[in-house]
Amino acid sequence: MGEHAFGQPLTRLEDDALLRGAGRFSDDRRLPNEARAVVLRSPHAHARIASLDATAAMRLPGVLAVLTGEDIAVDGPGPVISEINLPSFPKVRPPPGPVRKPEQPVLAQGRVRFVGEPVAMIVAETEDAARDAAEAIEIDYDVLPAVVDMSKAVSGDTAIWPEAPDNVAFEWHGGDPEATKAAFAKAAHVSRLTVVNNRISGAAVETRIALGVYDGRYTLTTGTQMPHGIKATLARMLKVEPGQVRVISEDVGGSFGLKNSLYVEHALVLWAAKRLGRPVRWVSDRAEAFSSDYAARDNLTTVELAMDADGRFLGLRVDTLAALGAYISPKGLTSPVNNSPAYAGVYRTPAIHVRVRGIFTNTVSTDVYRGAGRPEALYALERTVDAAARETGRDPIALRKLNLIQPSDLPLATPLGLNYDSGHFEQVLDRALAEARHKSYPARRDDSAVRGKLRGFGFAHLCERVAGGWSEGAELRIENGKATVYAGTMANGQGHHTFYAHLVAIKLGLKLEEIGFVQGDTDKIADGHGTGGSASLVLGGSALHGAIEEVIRKAKPQAAERLEAAEVDVEFDDGSFVVAGTDRRLPFSDLVKDLKVSGYHHFKPTNHTYPNGCHVAEVEIDPETGEIAIQRYLVVHDFGVILNPLLLKGQIDGGIAQGLGQALMERIVYGKDGQLLTGSLMDYQLPRAADFPPIDFVSCPTPAPSNPWGVKGCGEAGCAAAPPAVVNAVIDALQPYGVRHLDMPLTPEKVWRAMQGAR
Amino acid sequence: MYSFEYQKAGSVADAAKAATGEAKLVAGGMTLIPTLKLRLAQPSKLVDLGGLKDLVGIKAEGGGVTIGAMTTHAAVASSAEVKKAIPALAALAAGIGDPAVRNRGTIGGSVANNDPAADYPAACVALGATIVTSKRKITADDFFKGLFETALEEGEVITAISFPAPEKAAYMKFRNPASRYALVGVFVAKTKGGVRVAVTGAGEGGVFRKKSFEEALGKSFAGSALDGVKVDAKGLNSDIHASADYRAHLIKVMAKRAVDAAK
Ligand SMILES: Cc1cc2nc3c(=O)[nH]c(=O)nc-3n(C[C@H](O)[C@H](O)[C@H](O)COP(=O)(O)OP(=O)(O)OC[C@H]3O[C@@H](n4cnc5c(N)ncnc54)[C@H](O)[C@@H]3O)c2cc1C
Chain A
1 MGEHAFGQPL TRLEDDALLR GAGRFSDDRR LPNEARAVVL RSPHAHARIA SLDATAAMRL
61 PGVLAVLTGE DIAVDGPGPV ISEINLPSFP KVRPPPGPVR KPEQPVLAQG RVRFVGEPVA
121 MIVAETEDAA RDAAEAIEID YDVLPAVVDM SKAVSGDTAI WPEAPDNVAF EWHGGDPEAT
181 KAAFAKAAHV SRLTVVNNRI SGAAVETRIA LGVYDGRYTL TTGTQMPHGI KATLARMLKV
241 EPGQVRVISE DVGGSFGLKN SLYVEHALVL WAAKRLGRPV RWVSDRAEAF SSDYAARDNL
301 TTVELAMDAD GRFLGLRVDT LAALGAYISP KGLTSPVNNS PAYAGVYRTP AIHVRVRGIF
361 TNTVSTDVYR GAGRPEALYA LERTVDAAAR ETGRDPIALR KLNLIQPSDL PLATPLGLNY
421 DSGHFEQVLD RALAEARHKS YPARRDDSAV RGKLRGFGFA HLCERVAGGW SEGAELRIEN
481 GKATVYAGTM ANGQGHHTFY AHLVAIKLGL KLEEIGFVQG DTDKIADGHG TGGSASLVLG
541 GSALHGAIEE VIRKAKPQAA ERLEAAEVDV EFDDGSFVVA GTDRRLPFSD LVKDLKVSGY
601 HHFKPTNHTY PNGCHVAEVE IDPETGEIAI QRYLVVHDFG VILNPLLLKG QIDGGIAQGL
661 GQALMERIVY GKDGQLLTGS LMDYQLPRAA DFPPIDFVSC PTPAPSNPWG VKGCGEAGCA
721 AAPPAVVNAV IDALQPYGVR HLDMPLTPEK VWRAMQGAR
Chain B
760 MYSFEYQKAG SVADAAKAAT GEAKLVAGGM TLIPTLKLRL AQPSKLVDLG GLKDLVGIKA
820 EGGGVTIGAM TTHAAVASSA EVKKAIPALA ALAAGIGDPA VRNRGTIGGS VANNDPAADY
880 PAACVALGAT IVTSKRKITA DDFFKGLFET ALEEGEVITA ISFPAPEKAA YMKFRNPASR
940 YALVGVFVAK TKGGVRVAVT GAGEGGVFRK KSFEEALGKS FAGSALDGVK VDAKGLNSDI
1000 HASADYRAHL IKVMAKRAVD AAK
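The listed protein sequences derive, respectively, from chains A and B.
At position 564 of the first sequence (counting the first as 1) the number is 564 in my numbering, and the numbers step up by one without a gap.
At position 247 of the second sequence (counting the first as 1) the number is 1006 in my numbering, and the numbers step up by one without a gap.
Since the hints were derived computationally from the structure, they do not count as laboratory data.
Misleading hints may appear alongside valid ones.
Cross-link-like lysine to aspartate or glutamate pairs, in silico, EDC-like; alpha carbons within 20 Å at most [unchecked claim]:
id: 1; chain 1: A; residue 1: Lys482; chain 2: A; residue 2: Glu624
id: 2; chain 1: A; residue 1: Lys593; chain 2: A; residue 2: Glu561
id: 3; chain 1: B; residue 1: Lys993; chain 2: A; residue 2: Glu749
id: 4; chain 1: A; residue 1: Lys750; chain 2: B; residue 2: Asp998
id: 5; chain 1: B; residue 1: Lys796; chain 2: A; residue 2: Glu749
id: 6; chain 1: B; residue 1: Lys1011; chain 2: A; residue 2: Asp683
id: 7; chain 1: B; residue 1: Lys951; chain 2: B; residue 2: Glu915
id: 8; chain 1: B; residue 1: Lys804; chain 2: A; residue 2: Glu163
id: 9; chain 1: A; residue 1: Lys672; chain 2: B; residue 2: Glu974
id: 10; chain 1: A; residue 1: Lys524; chain 2: A; residue 2: Asp285
id: 11; chain 1: A; residue 1: Lys524; chain 2: A; residue 2: Glu250
id: 12; chain 1: A; residue 1: Lys453; chain 2: B; residue 2: Asp1019
id: 13; chain 1: B; residue 1: Lys796; chain 2: A; residue 2: Glu125
id: 14; chain 1: B; residue 1: Lys1011; chain 2: A; residue 2: Asp128
id: 15; chain 1: B; residue 1: Lys796; chain 2: A; residue 2: Asp285
id: 16; chain 1: B; residue 1: Lys796; chain 2: A; residue 2: Asp27
Please put together the full structure from these sequences, using the hints given.
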């Protein structure tokens, strides 16, 4: 055995530099002669720009340029457009109709449609000079009525776009409407629940930054998950060949989806850099982040679950209004529909019909956020199953058990087109209940009652589909005595360098410190999809597997020569070339200094992976104030084979923190007039470490059959499972008050009010 | 940030003279600097009290404490004198903001700023503190005038705040979940002159005394004495964090808890 193996809790190779302040974030790259850009944003949710006068601003000292919507026609970039088409799963009836996709100009042209919409970009010698100029721009707005509430938007009183008088951008259907209708006709009981999936912010600690350079080619430095995607989009917007654009991303201080898609500022700094012949830097501040970062979630969903007299699920019907914002962001069509297959969950529901309408509102656009639709679907599903159990006088555990997919059912084609290939859901559930000491729960509840507290036990059981939607490339180069991984994925805090190096170390027996890592430069990495959807280890890691195999193949002749054996007799085993049937071995590490080979592999998965698990939350409520304290949070999950339990735990904990944040605290609030009321961290509550107990994790793996390492992807499970688990627990605690449902976030006042209502 | 002149004050008199017109005093800067960064204020000059040693420190006097205006929240929180004379005041200071804020923010800055959700104003009012300035002494009841408004005149510098020791006191704070300021904070003090109850965070006009609580607690200093007392939501704040009703409810819950915890 080599020094490294699967299951080792390696600390991150990235940490040393990051902890010493030697990280390289976009704002650490400084170029000579930089100019500073500031974006002037709309203070109104909906208005006509009657006039805009920048003459006074242009005359201020240090001001280099003021770009407005009028300048676009001269030499400006093209609009931001929605890059995604609505998916047609195997069963989509009726087929998706046309999507109304209004284009977003990089700067407002005559009209603004949300608070924070870019109206002008000011470039100056210093940030202060640019801000002075921004204040000196005179704009007359004719304020128009705004609409922020989706239920009101569909009434059509206030149309944001003439082509969408009812503010509906699209209507999409998935599954089988007829079969579902027939299932409902046979039902002994139908449970119906309407839930809000609250709008929240990715709130990455590093705000968005864009540094544009033009030297005959465009170079953008920005923190992103998808350098190659941004490059392709920019080339189209700037009307140049893709080769004319380079995107560089170094350390990224968190993204969670919010730095996935292209933003107008990316194109604006490049445009300004070309006009001025100088590098142009734009840095978002926190207030700007709240008004201009693509927002997350924001769905209103009604779920109906049809059951027979024994409680067997017959059919599921889902109707969702998904807020898109005033414009459809580049990947804005993803979350509302793309992950609706998640509605199958871990259950044998034979018929499902999902209807989604995408709605325009006078708000910043929504885009993908950790889970991108799965958390939304799983929340609605797991809340509904709990509600159905209570309504029909059944135990939520028993109802789930009755309907769980069993290992003997696998492989299973689900009603929304997935092919579940692995998992033992009942075992996971049983293990979770045992680890959570469910049997002794009544004693804990009584103990809480003695202390005047209400206790609740809740759980969510889920199955995700991960990493099947695209492909990824990786290259391994051995040169100058060193191995270097060139990855198409792009880390934003997960520890990719560590996992790629770990895989190389395991296979080739090299030392971790000797394994280099390159990512995030479209000039250095030929092609890459980027990071998203819990897919980097599954796809990038599998691509690396192929690349390593190729390196071994190419190194073999040299190894055979050194071993003085015929190539056919040389095999590769546990980090060494060995002459079959002898004890003659040549460790790969001994060969490295003489090698110059590279292997490249593009991994295209044949199926998704299906990480699944059960999360248990136990909560205590202070009935006097409505405050919720989480007493226990336990995860029993099947993430397939585990490479590095420490990195895995980081993903679990971070995801759960975000999930609990959404469930209990976080929300973006717009006033009726479309003003943003949560414009800073003084009003937008982020979770803090002290808000949660330690999170317990038990691994209950089945290897994924669809990739060489057997891994399943772990990045989004936490934020998908935590909201239903904790809300189910709170509703359980509130049973003495007859509370059926509360919408997230479960603020103390909301909980307190629910208790008053019941009295 | 707009540009401004900077002056380091050599004495209180110096500071008082300089802090007129568009000039502004700066103490810990925890409130003022973010305001400047957001371009919400445009002072011509900042007069820094940072070097004035006489404004820093805590003295035990006549059973109570006198705290210099430039004393940080962290110093108050960890002061043996304060913990001995008025443990509730030390606990209040320990619950302000986060460590960075407590290590920089000062009692003088907090009291001068009179943020309607700040903690110190409740302590000052409930304990019957005296605000000592470069010109005069002002009772807490007369000092706090409304949202961000105080009795301070132009060029008047707070030098110290004197707190008489109560027989018993406690402060209970229900935090604004995002900002950590008081959504509702209730300071209850049993003093020689009677019971005083001050509420911060909740009132439309900033800190206020809750007279009906004072009366009830004057008869019997026990949380249960407040059971029958109604709290009207009129005049209380409603915002995205809490409605006036909920704040009214919390005033009573926090007051009862404070009474029961008073030491
Ligand atoms: C993240 C954060 C969280 C916070 N949480 C809380 C909290 O939970 N509870 C709470 O009570 N506060 C909180 N604060 C405010 C904090 O307590 C501030 O320190 C305080 O309000 C101001 O004190 P300062 O010394 O920083 O004053 P500065 O910011 O320097 O000045 C504030 C104002 O007071 C004036 N001033 C300062 N000193 C004097 C003086 N001696 N005489 C006359 N005028 C003077 C200044 O001119 C200015 O107008 C928080 C602040 C932050 C940034």
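Which of the stated hints cannot be reconciled with the structure, identified by number in ascending sequence?
1, 5, 6, 7, 8, 9, 10 and 14
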